[in-house]
Amino acid sequence: MIKMEKFDTQNPQQWSTKLCDCCDDPGNCCITCFFPWITFGRIAEIVDQGSSSCYNNGLLYFQWSNIGAPWIISCINREKMRVVYSLPPDPCGDCLVHFWCGPCALCQEYRELTNKGFDMKIGWCGNVQKNLVPPQVQDGMDR
1 MIKMEKFDTQ
11 NPQQWSTKLC
21 DCCDDPGNCC
31 ITCFFPWITF
41 GRIAEIVDQG
51 SSSCYNNGLL
61 YFQWSNIGAP
71 WIISCINREK
81 MRVVYSLPPD
91 PCGDCLVHFW
101 CGPCALCQEY
111 RELTNKGFDM
121 KIGWCGNVQK
131 NLVPPQVQDG
141 MDR
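The sequence shown lines up with residues 1 to 143 when you count with the UniProt record's numbering.
Treat the hints as calculated values from the structure; they're not laboratory data. Cβ coordinates follow ideal geometry from the N, Cα and C atoms, glycine included. A hint or two may mislead.
To be verified - Straight-line distance between alpha carbons at most 20 Å, and here's what the computed DMTMM-like set of lysine to aspartate or glutamate pairs gives: (1) Lys116 with Asp21; (2) Lys80 with Glu112; (3) Lys116 with Glu79.
Claimed, not checked - Derived Cβ-Cβ restraints for the label pairs, each shown as a range: (4) Asn56 with Lys130: 17 to 27 Å; (5) Pro103 with Ser16: 13 to 23 Å; (6) Gln136 with Lys18: 37 to 47 Å; (7) Cys92 with Leu132: 33 to 43 Å.
Start from the sequences, fold in the hints, and give me the full structure.
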């Protein structure tokens, strides 16, 4: 399986968008407001490099929502994402961001992965297949 490259933790990257830039992607903003488990599932599948599905992650988020604590599972996922991409815990810690601004945090994470070149709607496997390069044909085998 193709693994996502980890970025240098000595040189932290910056978030490509701000936490409250939700309306930069109005379609995702609407989905996240009404169905946050869909956005969470898509993000988690990419962050987990396909080891878990969008459906299972979305279902997990939905179950945590039913007990009033979706921020717990989403803050863990945000931390994973920050480690992979060497992102700072801006504007505050992961759990605080998801506790107070959960939908905004999900939108920011979604935009970040989109800006890094992922097509969030096709999942991990679709992104891997999209980026596979076919082998080059060697010259000199003429008849």
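The hints, checked one at a time:
1. Lys116 with Asp21: Holds: lysine 116 and aspartate 21 sit about 17 Å apart, inside 20 Å.
2. Lys80 with Glu112: 14 Å, holds
3. Lys116 with Glu79: OK: lysine 116 and glutamate 79 at ~17 Å, within 20 Å.
4. Asn56 with Lys130: 17 to 27 Å: At roughly 22 Å between Cβ atoms, lysine 130 and asparagine 56 fall inside 17 to 27 Å, so the hint holds.
5. Pro103 with Ser16: 13 to 23 Å: 18 Å, holds
6. Gln136 with Lys18: 37 to 47 Å: Between glutamine 136 and lysine 18, where Cβ atoms are some 42 Å apart, the hint holds.
7. Cys92 with Leu132: 33 to 43 Å: The hint (33 to 43 Å, Cβ to Cβ) holds, given that cysteine 92 and leucine 132 are roughly 39 Å apart.
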